[in-house]
Amino acid sequence: MRQAFHELILATRGRGLREFTAEVTRWIEENEFSDGLLTLHLRHTSASLLIQENADPDVRLDLDAFFARLVRDGDPLFRHTVEGDDDMSAHIRTALTAVNLSIPVQTGRLALGTWQGIYLWEHRQQPHSRHVRLHFIGE
Amino acid sequence: MRQAFHELILATRGRGLREFTAEVTRWIEENEFSDGLLTLHLRHTSASLLIQENADPDVRLDLDAFFARLVRDGDPLFRHTVEGDDDMSAHIRTALTAVNLSIPVQTGRLALGTWQGIYLWEHRQQPHSRHVRLHFIGE
Amino acid sequence: MRQAFHELILATRGRGLREFTAEVTRWIEENEFSDGLLTLHLRHTSASLLIQENADPDVRLDLDAFFARLVRDGDPLFRHTVEGDDDMSAHIRTALTAVNLSIPVQTGRLALGTWQGIYLWEHRQQPHSRHVRLHFIGE
Numbered sequence: 001m002r003q004a005f006h007e008l009i010l011a012t013r014g015r016g017l018r019e020f021t022a023e024v025t026r027w028i029e030e031n032e033f034s035d036g037l038l039t040l041h042l043r044h045t046s047a048s049l050l051i052q053e054n055a056d057p058d059v060r061l062d063l064d065a066f067f068a069r070l071v072r073d074g075d076p077l078f079r080h081t082v083e084g085d086d087d088m089s090a091h092i093r094t095a096l097t098a099v100n101l102s103i104p105v106q107t108g109r110l111a112l113g114t115w116q117g118i119y120l121w122e123h124r125q126q127p128h129s130r131h132v133r134l135h136f137i138g139e
Numbered sequence: 001m002r003q004a005f006h007e008l009i010l011a012t013r014g015r016g017l018r019e020f021t022a023e024v025t026r027w028i029e030e031n032e033f034s035d036g037l038l039t040l041h042l043r044h045t046s047a048s049l050l051i052q053e054n055a056d057p058d059v060r061l062d063l064d065a066f067f068a069r070l071v072r073d074g075d076p077l078f079r080h081t082v083e084g085d086d087d088m089s090a091h092i093r094t095a096l097t098a099v100n101l102s103i104p105v106q107t108g109r110l111a112l113g114t115w116q117g118i119y120l121w122e123h124r125q126q127p128h129s130r131h132v133r134l135h136f137i138g139e
Numbered sequence: 001m002r003q004a005f006h007e008l009i010l011a012t013r014g015r016g017l018r019e020f021t022a023e024v025t026r027w028i029e030e031n032e033f034s035d036g037l038l039t040l041h042l043r044h045t046s047a048s049l050l051i052q053e054n055a056d057p058d059v060r061l062d063l064d065a066f067f068a069r070l071v072r073d074g075d076p077l078f079r080h081t082v083e084g085d086d087d088m089s090a091h092i093r094t095a096l097t098a099v100n101l102s103i104p105v106q107t108g109r110l111a112l113g114t115w116q117g118i119y120l121w122e123h124r125q126q127p128h129s130r131h132v133r134l135h136f137i138g139e
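Top line first, the protein sequences correspond to chains W, D and B.
Each residue of the first sequence is one higher than the one before, starting from 1 at the first, in the working numbering.
Each residue of the second sequence is one higher than the one before, starting from 1 at the first, in the working numbering.
Each residue of the third sequence is one higher than the one before, starting from 1 at the first, in the working numbering.
These are calculated hints, taken from the structure and not from any lab test.
It cannot be assumed that every hint is accurate.
[Claimed, not checked] FRET-style restraints, in silico, Cβ to Cβ:
#, chain 1, residue 1, chain 2, residue 2, range
1, B, 129, D, 84, 23 to 29 Å
2, W, 109, D, 57, 34 to 40 Å
3, B, 26, W, 114, 40 to 46 Å
4, W, 82, B, 72, 46 to 52 Å
[Claimed, not checked] If you only want the chain B side, here are some residues facing chain D, beta carbon under 10 Å, derived:
#, residue
5, 2
6, 7
7, 17
8, 20
9, 43
10, 45
11, 70
12, 75
13, 79
14, 88
15, 89
16, 134
17, 137
[Claimed, not checked] With the C-beta cut set under 8 Å, the calculated list includes, among others, these residues of chain W facing chain B:
#, residue
18, 3
19, 17
20, 43
21, 45
22, 78
23, 79
24, 91
25, 95
26, 96
27, 102
28, 131
29, 137
Values in this document were obtained by computation on a predicted structure and should not be read as measured data.
C-beta atoms are modelled at their ideal positions from N, C-alpha and C, and glycine is treated no differently.
I would like the entire structure built from these sequences, with the hints used as guidance.
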């Protein structure tokens, strides 16, 4: 039984979803992990990790459009306004989703379904550099 | 320290919650797992895994009714419409909940509270066959 | 490789967020865990675990205010009303967030970002005593 850690630094282009399944798969392959548990932890409070459909790109656009309507930037309800109109809405979008994921790895492959990809969801309007910590335990 | 994998295939009867705590518990007992971590990963993007109250069945009906009102089937906002009125809403319901869960196992028992059960939440209107990958690491 | 379990019992003062990062960190330090995976599981269905901003306290007030508007206590949609106006809304708030978290621990430190704290989010109006099961696997 062994463990390994890694950190991915992912650049975003502002609000929206960016797939990074390939970066995660590459780390598994480089280390020749066979069987175990992979955990991803995003070290931010205004972006999310999400497993979603990797086929039609309209799904990602619709996800983002729905969340933009559900959680309005600059909602007059918000007290926390000093970091801009999209900051408190970004925190709420993060609370409604997740910042960590745990995915089994079996015979060298993530247990993802055929249509599942791993996404970083940027909730701020401006581009950011986002850090995702990876942990593997297994063989 | 050891690991084990399993896959449950669960039939759904269309939109709604189905408990499968018993199937998970049976796998733990058959393998005589004592102490460790159980991870469940659902291999789909239009259904969820959820830990919820297992007492009053009205709770599940209310959860589903609330989500149906929050995320409308056939919302004119959606671009992704080719797979039917309930497909994009199903993806959003999945994003608002989760597809993986990690639950400690201690002295052979899941660390669930008295009122907690493990549910598969089908978000599509039609019945589906859903695959849940299980992973255990521990002793 | 070793494992350990612990249970934190946290008192809440009614609806709202309470940070308990310090209690988790203390358990890691007392046990001299170096590298591994920490899992937290909340044993209730009307409260959540959340990783959120630990700087401006207004963020927590806004989170709670947004959720109170999104999921109305006593919504006439609800069938499950026997436990009070805030019970079914609490179950929905739990479904929209999470009851378990998995965070890597590296060289004795949680992989949390600078602004991340671990919170218990009480969704009921009255104070409660909430049980969080902790599990560590690693070295």
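Do the hints match the structure? See the list:
Distance hint check for residue 129 of chain B and residue 84 of chain D: the Cβ-Cβ separation is about 46 Å, which falls outside the suggested range of 23 to 29 Å. Distance hint for residue 109 of chain W and residue 57 of chain D: a CB-CB separation of about 38 Å, consistent with the stated range 34 to 40 Å. For the pair residue 26 of chain B and residue 114 of chain W, the supplied restraint of 40 to 46 Å holds, since their beta-carbon distance comes to about 44 Å. As the Cβ distance of residue 82 of chain W to residue 72 of chain B is approximately 29 Å, the hint placing it in 46 to 52 Å is violated.
Because the closest C-beta pair between residue 2 of chain B and chain D is about 9 Å apart, less than 10 Å, the hint holds. The closest approach between the C-beta of residue 7 of chain B and any C-beta of chain D is roughly 9 Å, which is under the 10 Å cut-off, so the hint is satisfied. With a least beta-carbon distance of about 19 Å to chain D, the hint placing residue 17 of chain B at the interface is violated under the 10 Å criterion. Here the hint on residue 20 of chain B is broken, as its CB sits about 17 Å from the closest CB of chain D, past 10 Å.
Proximity of residue 43 of chain B to chain D holds as hinted, the smallest CB-CB distance being about 3 Å (cut-off 10 Å). Here the hint on residue 45 of chain B is kept, as its CB sits about 4 Å from the closest CB of chain D, short of 10 Å. The criterion of a C-beta within 10 Å of any C-beta in chain D is met by residue 70 of chain B, whose closest approach is roughly 8 Å, and the hint holds. Proximity of residue 75 of chain B to chain D holds as hinted, the smallest CB-CB distance being about 8 Å (cut-off 10 Å).
Hint on residue 79 of chain B holds. Least Cβ distance to chain D is approximately 4 Å, under the 10 Å limit. Residue-level restraint check for residue 88 of chain B holds (minimum Cβ-Cβ distance to chain D is 5 Å; threshold 10 Å). A distance limit of 10 Å between C-beta atoms decides the matter here; for residue 89 of chain B the minimum to chain D is near 9 Å, and the interface restraint holds. For residue 134 of chain B, the suggested interface contact is upheld, since its CB lies about 8 Å from the closest CB of chain D, less than 10 Å.
The interface hint given for residue 137 of chain B holds, since its Cβ lies 6 Å from the closest Cβ of chain D, which is under the 10 Å cut-off. Hint on residue 3 of chain W holds. Least Cβ distance to chain B is approximately 6 Å, under the 8 Å limit. Because the closest C-beta pair between residue 17 of chain W and chain B is about 19 Å apart, greater than 8 Å, the hint is violated. Checking residue 43 of chain W against chain B: minimum C-beta separation of about 3 Å stays under 8 Å; hint holds.
The interface hint given for residue 45 of chain W is met, as the beta carbon of that residue sits about 4 Å from the closest beta carbon of chain B, less than 8 Å. Interface restraint check: residue 78 of chain W against chain B, minimum CB-CB distance 5 Å, threshold 8 Å, status holds. Hint status for residue 79 of chain W relative to chain B: holds, with the closest Cβ pair at about 4 Å, below 8 Å. With its C-beta approaching chain B no nearer than about 6 Å, residue 91 of chain W sits inside the 8 Å limit, and its interface hint holds.
The restraint placing residue 95 of chain W at the interface with chain B holds, with a minimum CB-CB distance near 6 Å, inside the 8 Å limit. A least Cβ separation of about 6 Å between residue 96 of chain W and chain B falls short of the 8 Å threshold, and the interface hint therefore holds. Because the closest C-beta pair between residue 102 of chain W and chain B is about 5 Å apart, less than 8 Å, the hint holds. At its closest, the beta carbon of residue 131 of chain W sits 7 Å from a beta carbon of chain B; the interface hint therefore holds under the 8 Å criterion.
The closest approach between the C-beta of residue 137 of chain W and any C-beta of chain B is roughly 6 Å, which is under the 8 Å cut-off, so the hint is satisfied.
Violated hints, in rising order: 1, 4, 7, 8 and 19; the structure is consistent with all others.
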